[in-house]
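S.K.: Letter by letter, the chains look like this.
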Amino acid sequence: MIALPGGRRRWRFHVCALMLLVPIGFAPGYFQRLDLEGGAVGLGEREIGVLRLGRWKARLAELDLGPPVIEGAAGPIKTFTLALEGAAIDEVRAAYAKIGEPRSIRSAGALFAGAPYRQMAGVAAPETATGDSELWLTFEGWDGSIEQTSLPLADASPSTVAWLAGRRRR
Amino acid sequence: MAHAPSSRRLWFVAHSWLGLPIWGFLFFVCLTGSIATISQEIMWLVDPATRANPPSADARPLGYDEVMARIAEQRPGARLHEMTQPVKPEFALIVEAATPDGETRTFFVNPYDGTIQGEQGWFDFRAFIRALHGWLLTPFDGGYAIGWYAVSALSIPLMGSLVTGIVVHKKFWRLYLRPRLRLSKGRRVFWGDLHRLVAVWSIPFIAIMSTTALWFLIEAILYANAVTVAPVRPPLVIAREAAPNVARSEAPPEPSIDAAIAAIRAKHPDFAPGYIEAPESAYGHVTVYGRGAYPLIFEEAKVNPYSNEVAQSRMVSDRTALELVTESMRPLHVGDFAGLWLKLVYFLFGVLLTGLVFSGMMIWAKRTAGATRALVRDIRVAGPFPEPAE
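In the order they appear, the protein sequences are chains A and B.
Numbering-wise (our numbering), the first sequence opens with residue 1 and increments by one.
Numbering-wise (our numbering), the second sequence opens with residue 1 and increments by one.
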């Protein structure tokens, strides 16, 4: 007896139709990502809090709770979202974020992109970063004025601190 | 001694087996792909908000800046992300904008009077059916989605079916002259005739689909290995000094889309804008994508919103032959570059291809199993070594 196609075992070749269940399994994640990217669930998965830079006010969040993602040559990148509030919406020309203190406005870090209500920046996690590092925010006004603030990375992104600790051990 | 199986029979069995083990998956991808081709048209039929009806016979489309001004009246504070000008004039402008609550919304806007006719709800049929067809809704996390590989790998059995099918039916062109579809000789004959008849008419379409899909697979593999076809340019940013300083009491400058397009047209008169991206930041450009004389390729130009000068452009003439080929793959696959008639042609052949997969499965169920048994039996008889008894 040749155990090839046909006969009683033919049904096995229709098992591939179960592939159709794959998209059903992935559908909830697909819609969750759309909601997250479109801002339907808020600024991000984890709101960090309200920042005050001089006369300006903004809210900061982690887009997702995960650790930095390796993005090709850019290395590990952690995405933060920012919402300018009140007067800052029209007055702030550009916002930047960086792990570690910037030496000048030219090295202020990743530029936030998007509308003032919700902008995103992929912040690089440099080799020198540790759990004690700080996240520095730099705002630059349309009038040329500059304001800065910083917060502990542990407050800004616990998952990044945990990821850095893992990298140190290796 | 029995005859060794002829090469034609081998090709035939190869053809029969290419699609079968995955027929359900292939069927699903062909079906969703066919629907995806006309997803925009389906939305046009279902949702009147996506149509562009002129308010009067002599109405003319507004300029883009005026459209944005009308949107600002209806949705105060909305900031443009991107705007799509559909190829077909029957379709409303698709405007994606951020609203003060922090959400990104998609508006369908009448191009003649700037009315927001409707808003994309929670469910975006067009994006969903594309994601379902193209990557089975699997996530893109720092690379191509796993589903992308699974779907594009189907190009291999599809191309194999095409090649083996042609080899088996070397005189396939006869079917163009004398089509044959026998209805009264039983179901096996009917499905076989239908399969061959549809197949010969679909040869160019299957060749296009399998070649372009194979490229999508190669593209993903190249990306995963950090190989690029086109030279990667550093992102273009406006120098800090070039952005104007504005006193606190004054409103920041607003980019003009019309001025940007005028600047591009001054250099490239046949440029037709299709897709416009607002600057992502105060140091970003207005980016306009459009089609020129060669409809398959999207040309691209970046305009400085403060000086309204073209800072960078990537036209058909700027591309290498290799880039022209690789960048033509997607429009060739989806058929969105010529208008409604081509979409309908793509949909028709998509449905035919879906039917080919189904009829192939039906033929297999009725014949291939037996044919393979016979082939294996012949090989066994012809084999030089006696086989141990089972």
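A hint or two may mislead.
[As the list claims (entries may be wrong)] Restraint ranges, calculated between C-beta atoms of paired labels, are given here:
1. A/Asp143 x B/Ala226: 52 to 60 Å
2. A/Gly75 x B/Glu241: 27 to 35 Å
3. A/Ala162 x B/Ile218: 33 to 41 Å
4. B/Phe140 x A/Gly75: 12 to 20 Å
5. B/Pro54 x A/Ala87: 40 to 48 Å
6. A/Ile70 x B/Pro54: 35 to 43 Å
[What the hints assert, rightly or not] Some residues of chain A that are not near chain B, with every Cβ distance over 10 Å (derived):
7. Lys57
8. Gly100
9. Pro116
10. Arg118
11. Gly141
12. Ser150
13. Asp155
14. Pro158
15. Arg168
Hint data in this document are derived by calculation from the structure and do not stem from the laboratory.
C-beta: ideal position from N, C-alpha, C; glycine also.
S.K.: Kindly indicate which numbered hints from before are broken by the structure, ordering the numbers from low to high.
M.R.: 1, 6, 9, 10, 11
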